[in-house]
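**Student:** These are the residues of each chain, in order.
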Amino acid sequence: MASQQPQASQQRLALGKALEELATRLSEHLKGVATKVEADKRSMVINIEVDRSRILEAAKILSSLGFDHVKSLTGVDYPDKGVIELMVHIGSYSRGLRRIMAILRSKLDRKDPRAPTLTQIWPSSEFQEREAWEMFGIVFEGHPDLRRLLLPEEFEGLWPGRKDFEIPTRKAGEAEEPWK
Amino acid sequence: MVASSIAIEEISKELIQTRDLGVTEEGERLVELQIGPTHPGSGHMRIRVWVDGDIIVRCDPDIGFVFRTIEKLSENRIYMKTIPLVERPSLLDTTPMTIGYINALEKLMGIEPPPRAKYLRTILAELTRIASHLYGIGILAIFLGHSTGFMWGFGDRELFVELANQLSGARITYAYVVPGGVRRDMPQSFPDNVEKALRYMERRLKDWYKIFLNNPVIEDRLREVGVLRKNDAVKLGITGPNLRASGVDFDVRVADPYEAYDELDFMVPVAEEGDAYARTLVRFEEIKQSINIIRDALKKMPSGDIIHPQIARMFNPLMKKIYEETRRVKFPGIFASLKPPKGEATARVEAGRGEALFHIVSDGSPRPYRFRWTTPSYRNVILFKYMIPGHRLADLPAIYGSLDYFPPEADR
Amino acid sequence: MMLPLVMLLKEILGFNDTIYRTVVGLGYMIIYPGLLLVVVIAALMLWAERKIVALVQLRYGPLWVSRRIGGALQGFADLIRFSFQEVIIPRRSDVIPFLLSPGLAILFSMLPIAFIPISPSIHPPLYSDLALLVVIAIISLAPIFIVIMGWASDNKFAFVGSLREALLIVSYEIPLIISIISMAVIYGSLDFYEIVERQYMLPGMILNPFAFIASFIAVLRTTSRFPFEISEAETEIVAGPYTEYSGLMFGLSMGLAYIKLYVYTLILSLVFLGGWLPLQGGEGFLLGFLAPSLVVIIKLSLLSLVAVFLRAIYGRYRLDQAIRLGWIYVLGLSIVSLIWSLALVYGGWVRWR
Amino acid sequence: MEGGLVFIGDLDLTTRKVLKWLMERKPIKDIVEWANAFSLWPVHLMTSCCGVELGAAYAPRFDLERYGSLPFVSPRQTNLIIIEGTLTRKMARVARITWEQMVDPKFVIAMGACAIDGGLFWNSYNVVRANEVIPVDIYIPGCPPRPEALARAILMLQQRIKSRGITRHDLELIEKNLKLEKVEFARK
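Residue numbers (the working numbering), protein chains in the order written: chain A, 348 to 527; chain B, 58 to 469; chain C, 108 to 460; chain D, 25 to 212.
In short, the hints are calculated from the structure, not lab data. Backbone N, C-alpha and C define an ideal beta-carbon position, used for all residues, glycine too. A hint or two may mislead.
[Said to hold, decoys possible] A few chain C residues facing chain B, derived, Cβ under 10 Å:
(1) Ile229
(2) Tyr421
(3) Arg425
[What the hints assert, rightly or not] These stretches of chain B come out as covered by chain A in the derived footprint (C-beta under 8 Å, 3 or more residues):
(4) 298 to 309
(5) 428 to 439
[To be verified] FRET-style restraints, in silico, Cβ to Cβ:
(6) B:Arg115 / C:Ser235: 51 to 57 Å
(7) C:Pro316 / D:Leu35: 55 to 61 Å
(8) B:Ile379 / A:Leu505: 42 to 48 Å
(9) A:Arg461 / B:Glu259: 55 to 61 Å
(10) C:Leu143 / D:Pro165: 57 to 63 Å
(11) D:Leu35 / C:Leu409: 48 to 54 Å
(12) B:Ser422 / C:Arg199: 54 to 60 Å
(13) A:Asp511 / C:Pro204: 56 to 62 Å
(14) C:Leu417 / B:Glu281: 23 to 29 Å
If we strip away everything but chain A, and leave its shape as in the complex, we get (with noise of 0.2 Å):
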């Protein structure tokens, strides 16, 4: 078993330097569109960060290179920077790109959080931004069907996803934190 280990590192070694290789060849085709397109090697990851206005031109041309599918379509409450990052985990049941994911981030502004709708060119995120509706208030334009998903539909007040919901804790060094 010993001996596989430094099989394993090698392999995963070998792989980082394909997902850089993709990652600029992804760079390559996003030019002009995305402002930042980075490998996440410890994720097998590719980060893309992309203007709110230019959301769609990126899915649009993620999705002809292969990218078929949303795995998780979510915000990120940053509430200091005054913004909410959309993060969509979106990923791919062709054969060369399974191994890896990318993540297609904008950051939106916290006040009017707007968004185009993804759900023309992956209408597997139609579920997923109803709920990111529900959590953050991120407006997806031309959603068919933006409505609760989770919550009652009467529940009123903040959206519960953003860091200023609070909900009731035990103070620090109460129970949670004996050792202090």
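For this one, chain A is given, so just place chains B, C and D on it according to the hints.
**Tutor:** Same frame as chain A, but now just chains B, C and D:
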């Protein structure tokens, strides 16, 4: 077939005129049925269907009845306390989920478990996969009115639950996988017990084929029902056995191997038809493959540590003693304030129902800044909307059962 | 038990035929083999169903309610619980049909007992030499009240369930009637006594197996046994027409299927299994009435046990599949059985004095 | 019409009183209690993930059907609710409606830590406690409780029905429940 639906239509037409039976829209004589959470064929969700005669015209899954806000809760929990949170929603196959979360965490921390721990994780994951598939088949059987299938599924499942109990000490919520390894080593009698159970299951599968898969009524109910074409499956982002039954041989265990899967010998069963019967068949084949994996893993099981040396170094003498004598890991208090470095990590695993994706955003504090988790059931919900219309009302439970959809897992 | 009492009455009152017949008829309808026996058999059948299915499923089934006799009181416990529960009448229901139809359905499925003999010595209260036809005609009325139940309770699931019931009645009642008639063709009679007598050599089941199979399948459907438990398919339409019924009313509706099963298997055991044969009937209460009737009851219980056992093997068909099965295969089988009977009779293989 | 009452009395009330009197006589009361104890049919209300263990409890290895408990379809025909774990806000309303739809001698078992005090999800914004929604008879601790614990709860409930009876206990429940209803209505 046609005559019957026309007859229903004609009767219902007259009735609707005299009495309000539901939503009637312009020109359409639709009856809205709420197959709600108390309905025996719904589980923890509500399915709103609009039927025209016996044919379902529209279907709207209303989920969220088990939405426990795990993503939000984990932002207020330390990393170790998120492990049980991750387990609860998919109570049927908890281990793949914990593996996914821990893998993401380990990527953040930059450690990798020793090989023996990897094998132990794999074995437990496959045991729960068999248990989860048997559960799904049992639910499908009771949806078709086949109570023996339900009872046999749940009865045979107990065997694997019991094996997992021997390995980890709990029936279904194991919390067996911890950062850097596993909680305890396997008992000495474990390989023999596993072998016994696997042999029993192999014998049992023949009975299963006799009473369930080759049963004429079950075949009639499942064949050519809920057909999902390859293109649609890819477009809708379906995952798991449902995807493989439509002819796409995607399996995270092969596509992006984690734990010990790249060293083990198994196949990925694929069917081309894409109907409910194919989905059920793929599940049965996966049980067989899981049996192979467990056998192979027990054969190739390396010796050595079950926890990463970096963590073992932090043990105090008592913990060290316990670890050496009984091979159980007691965690040092420092883990309560485990602070992975700043960054992001993504991990994915093949759970019983398909691909689960974990994304952790860490800001260097003891709690995750953001924890994103999509479960296979959550990705398969969309099928209710797009696959069910056009089928008969009686096909709804058949399709639901064949999707092996588990609402708590979808809602998280 | 009944007979000595009746003799006594006879002596006290002098030979009064009307009173005698009334008392015997009431006893026949209310105690044995009427209501009381039906309730007991239905409760036992409920238990037996759960117990047999549990055996197949590697379980115990009902046990702790009476551990010495294997939980046989389970059916009674359930029935008693139902009869002492609250009865909810939904506000939007049609109250009168809602309340009346379970009782009427039970009445019409019990009424045939008045025409069916279960022993050679005591006649049923309403004796007719066209009994077979009358019996089938009366019991075919019972499903109509099931349809009314679903309609009156104003629940969508109940409504769908009653529509399914209506569609299935049409497609399975006809094969049942044809296959019963084909037996009447063989026996050359519609009188139960003659039918049973003429099976002294071969039971009707062997004389015309097609008719037996067709009518058994039709009976499975009519009493909603698996794989035809479609009108009350629980995972599709909750409890079908009985969805809104609670307490005693649901107890009645649940009992209805078992009562129908009792009556239908009684008919089948007379027509196909040779009734009280091999006992010929003799003198006195014991030999003339009790023993032959017990033979009939054992035969009908065996038939019903087979019917309830199918729950362990089959799932349920879809509505359209069941209808197709009914109109193509079961109807075809019953027509074959009619042709077979005609061939037997006109070919001269079957000849009665 | 007002005069009619003098002679006939309130027929409804009288029947109810007579029935109540009858139900409290010895043999009938005992038989009804016995029948209720051995015929606890849980309704098919799956509230959360403890349903997995509920399924296991009715399956071959544990087989709760031996106590006469049979999972059945619709709230009208059953007399037991088993709250399986967490009650979310959406599900709480359903549980409440189901409880109200059920016929009178009815019992509630709350299963799992979540149904008692929220369990792991104690601070979730979408989770409510079971006893805020419906009156609970028996609590089972555990996350999730083992099927044996559920079997024990059923046995305890049987004991309780046999020793304490059902009628009086349930009238209390209904009164308690009416107060609850008023509170809920006011909140709306």
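**Student:** Kindly confirm whether 57 to 63 Å is satisfied by the beta carbon distance between Leu143 of chain C and Pro165 of chain D.
**Tutor:** Violated, since Leu143 of chain C and Pro165 of chain D (Cβ atoms, about 47 Å apart) do not stay within the stated range.
**Student:** Does the beta carbon distance between Leu35 of chain D and Leu409 of chain C stay inside 48 to 54 Å, or does it fall outside?
**Tutor:** For Leu409 of chain C against Leu35 of chain D, whose Cβ atoms are near 49 Å apart, the range 48 to 54 Å holds.
**Student:** Would the hint on Tyr421 of chain C be counted as holding, given a Cβ-Cβ threshold of 10 Å to chain B?
**Tutor:** holds (5 Å)
**Student:** Given the range 55 to 61 Å, decide if the beta-carbon distance of Arg461 of chain A to Glu259 of chain B lies inside it.
**Tutor:** holds (56 Å)
**Student:** Taking the Cβ atom of Arg115 of chain B and the Cβ atom of Ser235 of chain C, is their distance within the range 51 to 57 Å?
**Tutor:** This hint holds: roughly 55 Å between Cβ atoms.
**Student:** In this structure, is the beta-carbon distance linking Ser422 of chain B and Arg199 of chain C contained in 54 to 60 Å?
**Tutor:** holds (57 Å)
**Student:** At a threshold of 10 Å, is the proposed contact between Ile229 of chain C and chain B supported by beta-carbon distances?
**Tutor:** violated (41 Å)
**Student:** Answer holds if the nearest beta-carbon of chain B is closer than 10 Å to that of Arg425 of chain C; otherwise answer violated.
**Tutor:** holds (4 Å)
**Student:** Does the beta carbon distance between Ile379 of chain B and Leu505 of chain A stay inside 42 to 48 Å, or does it fall outside?
**Tutor:** Once the Cβ atoms are compared, 47 Å apart, the range 42 to 48 Å for Leu505 of chain A and Ile379 of chain B holds.
**Student:** Examine the region 298 to 309 of chain B for residues whose CB is less than 8 Å from any CB of chain A, and state whether their number is three or more.
**Tutor:** holds (count 3)
**Student:** At a Cβ distance under 8 Å, does chain A reach at least three residues of the region 428 to 439 of chain B?
**Tutor:** holds (count 6)
**Student:** Is 56 to 62 Å right for how far apart the beta carbons of Asp511 of chain A and Pro204 of chain C are?
**Tutor:** holds (59 Å)
The structure is inconsistent with the numbered hints 1 and 10, although it conforms to all the rest.
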